[in-house]
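Peer 1: Starting from the structure of chain D, add chains R and B where the hints point.
Chains as they are written, first to last, in the working numbering: chain D, 1 to 386; chain R, 1 to 383; chain B, 1 to 332.
Simulated from the structure, these hints should not be mistaken for laboratory data.
We treat Cβ as the ideally placed atom computed from N, Cα and C, and that holds for glycine.
A portion of the hints provided could be inaccurate.
Quick list of simulated restraints, FRET-style, between CB atoms [as the list claims (entries may be wrong)]:
no., chain 1, residue 1, chain 2, residue 2, range
1, D, D114, B, P316, 53 to 59 Å
2, B, P148, D, F16, 41 to 47 Å
3, R, G312, B, R39, 51 to 57 Å
4, R, F198, D, S51, 52 to 58 Å
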Amino acid sequence: MAAASASSAAASAPDFPDIAVVATAQTPAHARYDGPEVHLIMDCVDQLLASTGLSRDGIDFTIAGSCDYLSGMPFAFVTNVDGMGAWPPVYESHVEMDGAWALFEAWLRLQVGDVDTAMVVGSGRSSPCNAREVFHLQADPYAVAPLGLDPDALAGIQARSLIDAGLASESDFAAVVARSRAAAAANPMAQVQASGAVAVADLLAEPYDMAPLRAHDVAPPADGAAAVIIATAERARELTDRPVWIRGIDHRIESHHPGLRDLTDSASVRTAAATLGIGPAAGGGGGGEGADPDGGGTAGLDVAELHVTHAHEEIILRSALGLDDSVEVNPSGGPLGGNPVMATGLIRVIEAADRIASGRARRAVAHASSGPALQQNLLCLLEGDG
Amino acid sequence: MARPCAVVGIGQTLYRRRRGDVSLDGLVREAALAALTDAELTFADVDAVVIGKAPDALEGVIMPELSLCDALGAVGKPIHRVHTAGSVGASTAISAAVLVESGRYDTVLTVAYEKQSEGNATWALSGGRSGGQAAGGTFAPWIREYIRRSGAPEHIGWLVAVKDRLNAVKNPYSHLRIPDITVEKVRESPMLWDPIHFLESCPSSDGAAAMVLAGGERARRSARPAWVLGHAKRTEITTFPGRDTVRPRAGVECAAALYASVGITDPRRQIDAAELYVPFSWYEPMWLEGHLIAEEGEGWKMTDSGATALDGDFPVNCSGGVLSSNPIGASGMIRCLEAANQVRGTAGDYQVDGARVALAHAYGGAAQYFAMWIVGSSLDVLA
Amino acid sequence: MTAVHDVDFTLEYPYTRSTGPIVGPWLTGLRDGRILGLRVGGRVVCPPVEYDPDTGVSTSPDDLTEVGPAGTVTAWTWVCAPTSKHPFAQPFAFAQIRLDGADTAMLHAVDAGDMAAMSTGMRVVARFRPERRGAVTDVYFVPGDEPPPPVEADPDAGSVETTEHLIGVRIREPLFPFRARFARGLLEGRILGQRSPADGKVHVPSRGYDALNRVAMGPEHDVEVADVGTVTSFTEIAPIQYHGQTETEPWIRCSVLLDSADTTVGGIDVRHIGVEEFRVGMRLRMVWKPEGERDVSAIENRWGGITGGVYERWEPTGEPDVDPELLKDHPF
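If we strip away everything but chain D, and leave its shape as in the complex, we get:
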């Protein structure tokens, strides 16, 4: 069912205008930030304005993603507008989702053609709450939420399914963590700053948490914010020397009932990837055989930034995206290195875009996820000029 509809959303129809990421900003992923979410947002917005030279009223459209419940107050998102700036009044909207979905709407908005620049923000402070006690409220309100069955528990079930199917082992999970932590050590924004390499054997010696997952297999919720400015082609060239082109964004959801899903695979990622012309259906996302170095659709991916909040998810995502070893996965350390919930998905786009802008990659896919056990997934395909 999930893969049934590739819809009419053609990824790269020729008459769609080119849209590029022109500036990015993120705060560090703080274990606890001792101040209002507004400060985190303001910090990002100031960075964006400084790097583009835009004034606040030079941005045509603004859209943010956040979660009231995580902030501990209904309508908490209203206060966040203070950080984004809305005087004089601005053209603005908000999704109660990760900032990556705000990017989706902003990207579509610019394609309408009457506005040229958009700012996208994702933010959250996780430290005041126990994330498990908050996010079990995503579950079916009749049959599941009253059990307190939280996303980490469902992740544990998914990890078990993967092991039972012979698709991964606990060592594989630990290897994902070890590699993520090693990468995070080089990322000043990361929350988990390993002091040297973490050995798989040492990770496996740790006790279980949501068995077969261990505490280190679960991304630590953090406080933080992230923001980007995107622009239509002509404006993008005015605002930066290194635009990062958004070649497509697609997102798909799967059934809310895990019993109706194959938890060992990601049907939604496969559909989104096919829509964007990447992934196994398009001949593999990596640089292997069949790769088209000109980025003609199938391959040439250098980097994948994946929204891996539980180690085993990387294995599912690699498979669904058809990534081989030539594609660098989560060079930032990924969410296992720092997980400012509600910004984490948008940060995947930022990390991928930054790699391209700095010349370390030419083509990348960023992935964001929402809901338990990778229920909903977004892919954003990014490319540099040359």
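Peer 2: Only chains R and B this time, still in chain D's reference frame:
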């Protein structure tokens, strides 16, 4: 450039204080299936879904797109969720229109809802703390200031309350039905937040509203399209010295941008019907002025003269408005679909004869979020 | 509480859900000791849903059918450290359980005692709790196949049409530094504001930033303001009763522009002045509680005004009113 987008299907639930007969799944499906039926489509025809509602804490379900996606036929498709406080229903409709206008999605189902009876809006507005003042407590001082500035007589609010409730009697979906309402009854009803009487206040409702929006062939083939001629949104920060909460600049600029985008220069003459977000009666004249339909200080005179009645020259809230049905998250979308009903000629007993251009509006937060759209019976109706 | 404290607040509400035509009978079944699935699209789905998962077409309660009480674990996790929301305080398993007679697995809890007792493919069987109220938590699972003891259903209980859920999220964190300084000031009998480095305006209570100019403010921007000011806005509130509401009598809530401040202090509760004499422009003075009796426990990161815990009352100064026209920049 923007691809034309049309409303090709409209669906509503019955609005009631408590829809005890349905689950959350059932509530949204009632509206969604009605909209699909109206559009002569099924879930299989839908390319993407956009949902909206006010805070998750009103029902205690976080990110409800995750638990409603199956019920809305969205599995395997894109679905996303908008939240812009009280304006959210209209914001959601606009977001859905953007999906179509971008050219990337042909058929979009959009649904907004609230099941207020599951929780408590005053509790939510108070942040779960004691001593909440409710929305009326926030807006009452600004209404008082409007009365002071404009010199409007006190019966204006009562007139709006009577007009909207009598309109609601003509609407089969209405929550409040008070056929024997009179100015005297409004005046004698309890004072909740001076100067707002009980009968000048919106109810707390359960309900959902849905539309199918389409572009391209599907829009052109529609038997009864309402074309989305334009839309606009504006937001301003909550509080600072000098902020005009009676006539917020964001509201003025939102209206100005909207009219300019569709070529309206004289909104009172060029718009045939309006659905304005009026949760407390005085907001009718306040938004007539705040959205450039009347000159400053003149809005109450339109109300007083009967211009905003169903048979007036600028009918407002012919459906009965927020004063008669208020599932918060859906209330803005109801404004949008009732505007569409008017230009499609499907408004039944509250149809404005010959309506070809209609305005819908919602606001939220501390009168700081604005979302508006204009629909027309044809794409060139304003040409 | 006469000291500055950390925030510890639970955002909590007792929600009432209506269950509809499919979930209602399912919960009724659980209360009465039966687990129901639904025949749809050639399979039996459990838990039952209101739509065909493949087509979205509405389903009928006529197609409900009993499944279980035993079933097979298709996947599981061992919860080593249960949260306050989980059904057991001791470690247990959450599992996907395909009940006998069903084609899909449902999520539930297995009280297995030890992780070693769990395995994929194992048999588990329902146990109904002695106190049942028509909720998914009326049942849990244990290893094995032994049918549960018969449950005595109350023939007069009717069907489950609504369910109650006390849902709360606990928030614990230190007060933000600027809030802590403000609260400490109140305990000391001083009202602290912050002067914006951007335009010199004094914000009280400060939110740690100047929203108009989008600049953060730190301790170096703290200034003391007067405890005398002018009413800029007010509402008389007839309290609506809701979970957590402790107010029962009408009172006046007003905003006051304190002398030497540029923003108003909102949320000031006045209970000693009649509404008929209350007006915008009126001059008021705060009468402090004695130092040892001041309570700032209402101040937290999401709200930080002049709490009723620090004043006895606000009283008219007797000065002439300020012309409301001069106050219209302060509608809050």
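Peer 1: Hints first: check each against the structure and report whether it holds.
Peer 2: For each hint, the structure was consulted:
Here the CB-CB span from D114 (chain D) to P316 (chain B) is close to 55 Å, well matched to the stated 53 to 59 Å. A C-beta distance of roughly 59 Å is found between P148 (chain B) and F16 (chain D), which places it outside the suggested range of 41 to 47 Å. Taking the beta carbon of each, G312 (chain R) and R39 (chain B) are about 56 Å apart, inside 51 to 57 Å as hinted. Against the hinted window of 52 to 58 Å, the Cβ-Cβ separation of F198 (chain R) and S51 (chain D) comes to about 54 Å, which satisfies the hint.
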